[in-house]
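Asker: In the order they appear, the protein sequences are chains A and B.
Numbering-wise, the first sequence is residues 689 to 1046 according to the numbering used here.
Numbering-wise, the second sequence is residues 91 to 248 according to the numbering used here.
Among these hints, one or two may not hold up.
[Said to hold, decoys possible] With a straight-line cut-off of 30 Å between C-alpha atoms, the simulated DSS-like cross-links for lysine-lysine are:
#1 B:K122 / B:K98
#2 B:K187 / B:K238
#3 B:K178 / B:K189
#4 B:K178 / B:K98
#5 B:K122 / A:K758
#6 A:K773 / A:K758
#7 B:K238 / B:K174
#8 A:K773 / A:K894
#9 A:K843 / A:K769
#10 A:K773 / A:K843
#11 B:K98 / A:K894
#12 B:K234 / B:K187
#13 A:K1023 / B:K174
#14 B:K178 / A:K1023
#15 B:K122 / A:K1042
#16 B:K105 / A:K894
#17 B:K174 / B:K98
#18 B:K238 / B:K189
#19 B:K105 / A:K1023
[As the list claims (entries may be wrong)] Some chain B residues well away from chain A (every beta-carbon gap over 10 Å; in silico):
#20 E123
#21 D180
#22 G185
#23 D192
#24 M203
[Stated by the list, open to error] These stretches of chain B come out as covered by chain A in the derived footprint (C-beta under 8 Å, 3 or more residues):
#25 125–134
#26 157–168
Source of the hints: derived by calculation from the structure; they are not laboratory data.
All C-beta atoms in this analysis are idealised placements derived from N, C-alpha and C, irrespective of residue type, glycine included.
Listed below are the residues making up each chain.
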Amino acid sequence: MFSLESITTLVQDWLNKTFSPNLALFFEFVIVGVLAITLFAGLGLVLVLMERKVAAWIQIRLGPNRVGPKGMFQSLADTIKLIMKEGLTPDGADKFLFNLAPFIVMMVAMLVLAPIGFAKGFQIWDINIGVLYVSAISSVSVIGILMAGWASNNKYSLLGAMRSGAQMVSYELSVGLSVLSIIVLTGSLGLNDIVLSQQDGWWIFKGHIPAIISFVIFIIAVTAETNRAPFDLAEAESELTAGFHTEYSGMKFALFFLAEYINIFIVCAIGATLFLGGWMPFHIGNWESFNHVMDYIPSFLWFFGKTFFLIFLIMWFRWTFPRLRVDQLLNLEWKYLLPISMFNLILMTLIAIKGWHF
Amino acid sequence: MFIKEYFKDIFSAIKSLLVGMRRTGYYFTHHKEIITQQYPDNRLELNLPERFRGEVVMTHDEVNEHACTGCSACELACPNGTIKIINKFDISPEGKKKKAIDTFVYHLELCTMCGLCVEACPTDAIKMANTFEHSVYTRGQLTKQLNKPDSKLRAGVE
Chain A
689 MFSLESITTL VQDWLNKTFS PNLALFFEFV IVGVLAITLF AGLGLVLVLM ERKVAAWIQI
749 RLGPNRVGPK GMFQSLADTI KLIMKEGLTP DGADKFLFNL APFIVMMVAM LVLAPIGFAK
809 GFQIWDINIG VLYVSAISSV SVIGILMAGW ASNNKYSLLG AMRSGAQMVS YELSVGLSVL
869 SIIVLTGSLG LNDIVLSQQD GWWIFKGHIP AIISFVIFII AVTAETNRAP FDLAEAESEL
929 TAGFHTEYSG MKFALFFLAE YINIFIVCAI GATLFLGGWM PFHIGNWESF NHVMDYIPSF
989 LWFFGKTFFL IFLIMWFRWT FPRLRVDQLL NLEWKYLLPI SMFNLILMTL IAIKGWHF
Chain B
91 MFIKEYFKDI FSAIKSLLVG MRRTGYYFTH HKEIITQQYP DNRLELNLPE RFRGEVVMTH
151 DEVNEHACTG CSACELACPN GTIKIINKFD ISPEGKKKKA IDTFVYHLEL CTMCGLCVEA
211 CPTDAIKMAN TFEHSVYTRG QLTKQLNKPD SKLRAGVE
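With the rest of the complex left out, here is chain A (with noise of 0.2 Å):
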């Protein structure tokens, strides 16, 4: 059966026969690197392309058609056009916060990529604490949009960035709170573990209701914390242009369009891995028959399967819903959301020890 896991052994036992082990170890960093690189561009070029056409559709449009086949090619037409394009930086802008911000911005995104589980057996570094890590990381992404908004010199920038701070840091407690529910039932924070814990089952169908609530708030939570519509008051396009990235243009914003695209794959991959079992095929109990014909479709496949499915979700809610109120944005958090998955996260207990879940 194919596995990336047979590949990656196989470079690796070939570098180490050829190379001393620190050269191997030197090589397999460029390669890791290569293709974290690799997949940010391709994942760029594909859900751009992806979002424009489920808006499109959504708002009873065609979308992009014009450029390659049923317009397969527009995102790299667009990428082709910021990259010629002069990246300008203000007279009254702080020059060096400027330039630094939306590769601040881009690192995280790249960082927080370590521990997630693509396939089986293919992970950058299986970390025992990962999904402390990811939320650790993932907050430093407010730096680089505050610093961006600051750098600019612009009252809008400085307004979206100051909102954009404001929302991150109070959905941050949702999203950890929720995440926290599904760690009171695996034990473990690795996320190799969580997805291994997912062998009869997946977390969501495992842990009756209060994991479905916890999926629903940490879906909502993280639209929030990734700025994207109904919680895009940081760009807010018809109040403040475009809210933090309104000064840059060229590469720098592209780096800041790429980086909000990473960051939603990652959160879906995260809510994958969480709920829907990662890599981890569809299985149910003791079923062996079915489990076993389910094993036969690659588990990257799976990954993907699960991470666009959730991806496609948040960009459904994007089209639908209109975009909340500041006070309406910090209501819903601090009266709803939080009071929810505490006592959520209460009930979860309770069941991870009475032994209630499957």
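The hints should help you fit chain B onto chain A, whose structure is shown.
Answerer: Below, chain B alone, put in the same frame as chain A:
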């Protein structure tokens, strides 16, 4: 009671969000509903809605008669002076002078397609047409005369 309200709020909110998502999901899966016209490709079989407002035209019947009495209600209704009506006086067989339209001047370059003139017209002489390919090389070509040459008022229209 507060708790009851609280949960009622949550459930009604979720319900209304699901209703919205159901609608957009319907559009997402039903591509037949798409209303976009691929304009230059289907120029010959364009299917524009009835209410589309392209320009003001005066309707003439097959014997070259129109219904415009020259009352200039449209000229008064127009918010930006798009319409100018020049009247003449016809001498009827009984020797009486009768007001009639000489030239209905329509400045397309000033028109905002608001349709107020059509609403103001007491005899339904003018209407909004579906045409929209208005680009020309000089401004002068946009000043149009709406009544056709040698056309006259339809009998019985006052």
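Asker: Checking one constraint from the list: CA of B:K105 to CA of A:K894, max 30 Å. Satisfied?
Answerer: Answer holds: B:K105 to A:K894 is near 25 Å, not above 30 Å.
Asker: Run the distance test for B:K122 versus A:K1042: straight-line Cα separation, threshold 30 Å.
Answerer: 52 Å, violated
Asker: Just to be careful, I want the Cα atoms of B:K122 and A:K758 compared with a cutoff of 30 Å; is the pair within it?
Answerer: Within the cut-off at roughly 17 Å; holds.
Asker: Check the hint pairing B:K122 with B:K98 against an upper bound of 30 Å on the C-alpha distance.
Answerer: 37 Å, violated
Asker: For the pair supplied as a hint, A:K1023 and B:K174, is the alpha-carbon distance within the 30 Å limit?
Answerer: Violated - the C-alpha atoms of B:K174 and A:K1023 are around 63 Å apart, more than 30 Å.
Asker: Quickly compare the C-alpha distance for B:K174 and B:K98 to 30 Å and report which way the hint goes.
Answerer: The given pair, whose Cα atoms are some 61 Å apart, is violated under the 30 Å limit.
Asker: Are A:K773 and A:K894 close enough, with their CA atoms no more than 30 Å apart?
Answerer: Roughly 51 Å separates the two Cα atoms, so the pair is violated.
Asker: For the pair supplied as a hint, B:K234 and B:K187, is the alpha-carbon distance within the 30 Å limit?
Answerer: 28 Å, holds
Asker: Taken at face value, is the distance from the CA of A:K1023 to the CA of B:K178 at most 30 Å?
Answerer: 75 Å, violated
Asker: For the pair supplied as a hint, B:K187 and B:K238, is the alpha-carbon distance within the 30 Å limit?
Answerer: Roughly 22 Å between the alpha carbons, so the hint for B:K187 and B:K238 holds.
Asker: Keeping to a limit of 30 Å between CA atoms, is the pair of B:K98 and A:K894 held or broken?
Answerer: 27 Å, holds
Asker: Take a quick look at whether B:K178 and B:K189 sit within 30 Å of each other, Cα to Cα.
Answerer: 6 Å, holds
Violation of the numbered hints given earlier is confined to hints 1, 4, 8, 13, 14, 15, 17, 20, 26; the remaining hints are satisfied by the structure.
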